[in-house]
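Undergrad: Model the full assembly from the supplied sequences, consistent with the hints where possible.
Chains as they are written, first to last, in our numbering: chain A, 1 to 265; chain B, 1 to 243.
Where hints are given, some of them may not hold.
Below, simulated DSS-like cross-link-like pairs (lysine-lysine); rule was C-alpha separation at most 30 Å, straight line [claimed, not checked]:
#1 A:K145 <-> B:K75
#2 B:K190 <-> B:K177
#3 A:K148 <-> B:K75
#4 A:K211 <-> B:K177
#5 B:K50 <-> A:K211
#6 A:K235 <-> B:K75
#7 A:K235 <-> B:K190
#8 B:K75 <-> A:K211
#9 B:K177 <-> B:K31
#10 A:K174 <-> B:K177
Hint data in this document are derived by calculation from the structure and do not stem from the laboratory.
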Amino acid sequence: MLKDITLGQYFPGNTVVHKLDPRTKILLVIVYIVGLFQANGWAGYAAVTGFTCLCTALSKIRPSAMFKGVKPMLFIIALTALLNIFYTQGTPILPGWIITWEGIARAVQMMLRIVLLISGTFLLTYTTSPIALTDGLELLLNPLKKLKVPVHEMTMMMSMALRFIPTLISETDKIMSAQKARGADFETGSLVKRAKALLPILVPLFVSAFKRADELAVAMESRCYHGGEGRTRMKQLRYQTRDRIALAVGTVFLALMFVLKRFGL
Amino acid sequence: MNPIIVFDNVHFTYPGDELESLCGVSLSIEKGSFVAVLGHNGSGKSTLAKHMNAILVPDEGRITVCGTDTADEEKVLDVRRRVGMVFQNPDNQIVANVVEEDVAFAPENLGVEPAEIRRRVDAALRLVGMYEYRLHAPHLLSGGQKQRVAIAGIIAMQPEIIVLDEPTAMLDPQGRKEVVDTVYSLCRAKGMTVVFITHHMDECIDADRLIVMAGMELEGEPLGVSDCAELIADSLSKERSVS
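TA: This is the structure we're talking about:
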């Protein structure tokens, strides 16, 4: 069950999407999100869906991996859809019914919006290694250093968190198996009972996470880590033609979305 | 005689502890030698190791690495660059999500030129036989492979001494063999000084010297290779008498 969580996972590859500069990709995701929220008609949603499919195809990420990312959010998506179906005013599908045609349309659009939002952002973490991602973020946020914002520290923490997600997931799996082997029950009973059953998992998980953090800190110090000062990078980031093309495509996409919105499509 | 690490009457107590973890340790480690450190749990092996690269500094006494005092705060980075350290749990010392980026971590911290980092990373990965895995995610590798990546991460720093704190404790027999073979070849072929802490007697057989930690101090004089076999035989018979 826990193996299905793909948050922050990176699938190494050699495609154009993988090779794009992380700064370009971060900017594109921002453009993408802004564009997505401009969509309020079928044409708009079709454009965003098409754009997402194109990017996914270019990155050669399997659709099943994309679906895995959406899976944990299914409940929220379903809930949003239900609320929209029942709470939108309009023409009832049958006389006297509370469900309206507008409600159904809105529900579908809302579902699309959430799925596309998740897919777009996941595409970023799927195709960009956390270190490249943090490098890109650090460079993009570099001007903030002048305002004494600890940019390097923040991005380092983020990349560490991403790095340890799979480790902590397998650890949680192990602890759960150990508890189950001794008769713990996580699947039955009321919600309160199940929540209480989680406590014996959380305590050892936290204890071991702190121990890990301590060991990691010593290991990093042993490898001469002393903050961002005087640090170099093996992979120098340089904008290339493909980045310019990608940014141009992003701009066109955004412009298209604004135009579609203007015409209410 | 060409000692590279010298401990001179080192005392150390962890803050809040009553017992001393190291009491009066004096030893010197020869350049290019393979030194194995043995001792039961809590005998101060890890404490000893952490003193070698200035993670801990002695309360009393003096440690010099290549002539530099580890207590000198100005020189800490220099000491750590010379003494690379590999720990027990490979998961807790790998910082990046891609093998080659993890190996590059130490030289990046040292401010090495990008082209030179690339060269060092490739060389280090070839040396431990993990070059084909350079684009893999570390959490998908086996324990022995992860530990070899951790060793590569240290080699990329180009240290003179490599200290390994029970690097094989969490590995299966196959992984243990991979790591032990790698470490021995580093010492024999590359002339690197190795300090190898372990619980496994069989891993010490080819060591130049054996140091046994007992009750927070060194037990007697450090032993030579010839005493090694005797010691192993001795411990085996002890094990038998226990069972």
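Undergrad: Okay, which hints does this one fail, numbers in order?
TA: Per hint list: zero violations.
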